[in-house]
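2 protein chains.
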Amino acid sequence: MNTFTEENYLKAIYHLSTQHDSVSTNQIAASLNTRAASVTDMLKKLADKRLINYERYQGVTLSPQGEKVALSIVRKHRLWEYFLVEKLNFKWDEVHEVAEELEHISSRDLVDRLDEFMGHPKFDPHGDPIPDKNGHFKANELKPVSSLSVNTTGIISGVREHSPAFLQYLEKIKLVIGKEIKVCEINSYDHSITLLLEDEMLYISRDVANNLLITL
Amino acid sequence: MNTFTEENYLKAIYHLSTQHDSVSTNQIAASLNTRAASVTDMLKKLADKRLINYERYQGVTLSPQGEKVALSIVRKHRLWEYFLVEKLNFKWDEVHEVAEELEHISSRDLVDRLDEFMGHPKFDPHGDPIPDKNGHFKANELKPVSSLSVNTTGIISGVREHSPAFLQYLEKIKLVIGKEIKVCEINSYDHSITLLLEDEMLYISRDVANNLLITL
DNA sequence: TTAAAAATTTAGATTAGTCTAAAAATAATA
DNA sequence: TATTATTTTTAGACTAATCTAAATTTTTAA
Chain W
-17 MNTFTEENYL KAIYHLSTQH DSVSTNQIAA SLNTRAASVT DMLKKLADKR
33 LINYERYQGV TLSPQGEKVA LSIVRKHRLW EYFLVEKLNF KWDEVHEVAE
83 ELEHISSRDL VDRLDEFMGH PKFDPHGDPI PDKNGHFKAN ELKPVSSLSV
133 NTTGIISGVR EHSPAFLQYL EKIKLVIGKE IKVCEINSYD HSITLLLEDE
183 MLYISRDVAN NLLITL
Chain U
-17 MNTFTEENYL KAIYHLSTQH DSVSTNQIAA SLNTRAASVT DMLKKLADKR
33 LINYERYQGV TLSPQGEKVA LSIVRKHRLW EYFLVEKLNF KWDEVHEVAE
83 ELEHISSRDL VDRLDEFMGH PKFDPHGDPI PDKNGHFKAN ELKPVSSLSV
133 NTTGIISGVR EHSPAFLQYL EKIKLVIGKE IKVCEINSYD HSITLLLEDE
183 MLYISRDVAN NLLITL
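Chain order of the listed sequences is W and U. When you line the first sequence up against the working numbering, it's residues -17 to 198, in that order. When you line the second sequence up against the working numbering, it's residues -17 to 198, in that order.
Heads up, the list lumps identical chains together, so a pair's fine if it works in one copy or across two of them.
Calculated lysine to aspartate or glutamate pairs in the EDC-like style (CA-CA distance at most 16 angstroms, straight line):
hint : residue 1 : residue 2
1    : 73        : 91
2    : 69        : 91
3    : 69        : 97
Treat the hints as calculated values from the structure; they're not laboratory data. Please read all numbers here as calculations on a predicted model, not as lab measurements.
Let the sequences and hints guide you as you build the complete structure.
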């Protein structure tokens, strides 16, 4: 078994790996709010346990075993988020912190039964895919709203940023998962976008458009 | 906030306090599978935080603040056990270990919503009372089967021992919560008991009778 | 009521995870 | 390509929780 801390490092490396081939010490330190020196210490430990591929100064990748552990944490995190929203009526901006704790509960049986109880959901409340018990999931083909051209439509299906502030903002302007949008105008100066959402015009910044994901 | 370990010490002291006025270092060490020296260190720390009343060599009691923390852990533990059995179909002998982890999830909101979701249950799957959000609960008047005299009846309502081995044994002989029993004969040599359970005669040892609780 | 036994505490180490400050390696650029 | 800047690692220290072994206090019982 791995410690709570080791699990958090593996999860951080996993998430950073989806954006970069190899993950650097500083990237990990930033994402875990810790210092580079602490990261180096932990990387040595994880390498000793064969959970990562690590050579000094060369960055790090997950080993197959490390990826397996990371995926099980991600699975637990997303299943718990689904549970909190669907069964306990949490809002989608309230679940992340709690799921950060719940994801470390070790019982394999628990998470599988929870999955069963909820009918094997495929996506969490933010549109992220939930890996199955073998770590498999179909990566959904999500594109940021900012990549759309004028007059195309799409369905809001996920977010790239999970901060409560962002999620609450989306909630407030009713830009939530499942809604259909149409791009009406793209401002070429600041890349802000005017959308059509349920017969209403809506103006969003480039930043929001970048972090909001749709399926076509 | 208190650490995971501090919470476990407070919980252990709480449980031991229900049986003894003042709790000794060795009792705590035994119940936590640790050494007396480690317990002394922790007692100093808990006393500094005003969670316990402690004087060297004199044993320990919970302060009001300490009892509040302990009760919140007990509440979480028992609510999670109820959830696991009622919603996720765990057996009553499988839930203790998992609940030992879940009881340390800190979100107050989570446990209150869970309570709500399950309809504010009053007793966990082993018949132990679940404190409400203010730490209040009515201590049920349970007596061990071993205290009954011949020809009296009672309803199985709880257990005093939570080991999987004991619970599985009860399950096997169908002596589970809710069933009515009648004491037919008490063996004066070894205090074993012959019971009537649903028209069948059943023989149990003194030890089992001591750890099985009934309401009249 | 004193000597032996038991319980408890202290002293001194150890491990996991973290930190700061300094050294070493890599990357960037003049 | 030589020098500067950045990144990463090492060295050494700290805290929380634990341990063993020795010392101290309390309890028991002769």
